[in-house]
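Protein sequences appear in the order of chains A and B. Going by the numbering used here, the first sequence opens with residue 22, and the numbers climb by one from there. Going by the numbering used here, the second sequence opens with residue 533, and the numbers climb by one from there.
A portion of the hints provided could be inaccurate.
As the list claims (entries may be wrong) - Facing chain B, according to a computed beta carbon distance under 8 Å, are these residues of chain A, among others:
{"#": "1", "residue": "Ala52"}
{"#": "2", "residue": "Gly63"}
{"#": "3", "residue": "Tyr69"}
{"#": "4", "residue": "Glu120"}
{"#": "5", "residue": "Gly124"}
Hint data in this document are derived by calculation from the structure and do not stem from the laboratory. The beta carbon of each residue, even a glycine, is placed where N, CA and C say it ideally should be.
Take a look at the letters that make up each chain.
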Amino acid sequence: DGGITQSPKYLFRKEGQNVTLSCEQNLNHDAMYWYRQDPGQGLRLIYYSQIVNDFQKGDIAEGYSVSREKKESFPLTVTSAQKNPTAFYLCASRRTGGEQYFGPGTRLTVT
Amino acid sequence: ELKVEQNPLFLSMQEGKNYTIYCNYSTTSDRLYWYRQDPGKSLESLFVLLSNGAVKQEGRLMASLDTKARLSTLHITAAVHDLSATYFCAVNSGGSNYKLTFGKGTLLTVNP
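Just chain A, with the same shape it has in the complex:
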């Protein structure tokens, strides 16, 4: 089955620790995106990548880092520099000229 997978579904970390969220797609899509959603809010763009080995900052990139070494994978690292990391993180992918499809999300809680 083609789709986008994110793991884990729930993630708990202590303050000060870096954590990496996984996003994998087997749709052969070129572009991939990371969004953050806070309660009662819309999604905000963190990073995006149009092709392998290239990515750009979105609207709220501070405290986050990404890599795009393979077309299928776009992991997001939430660093200790991110002031309020607790949120719901959604990954999306898009074929050229098409719309974005979203993964199931990872809910990160930092205490």
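Got chain A sorted already, so can you dock chain B onto it with the hints?
Relative to chain A, chain B alone:
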């Protein structure tokens, strides 16, 4: 900077009634999306609107786009409980990069 405003943010309606959700955006864009989100879940794509005057319908939901007014509407006809969810509009703010700017969402509750 593109801004997207939805209203209302909260909507409680009775089954069988009609209502409209509005989405205004501040700068020109070439496409607008409507998504549905159930509690704790991801986003499900409902409609993609590409041109002025575009209208799309799926079941009890109909979306339209007026690019001159920078306004999209999502009309709900004869609401049923299963339509209870949060609805987001999103506008392409990045040209060929297809970066999306989202509204804050409308939490729709349909009561029996």
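Structure-based check of each hint:
no., hint, result
1, Ala52, "7 Å, holds"
2, Gly63, "3 Å, holds"
3, Tyr69, "6 Å, holds"
4, Glu120, "5 Å, holds"
5, Gly124, "6 Å, holds"
The structure is consistent with each of the numbered hints, conforming to all of them.
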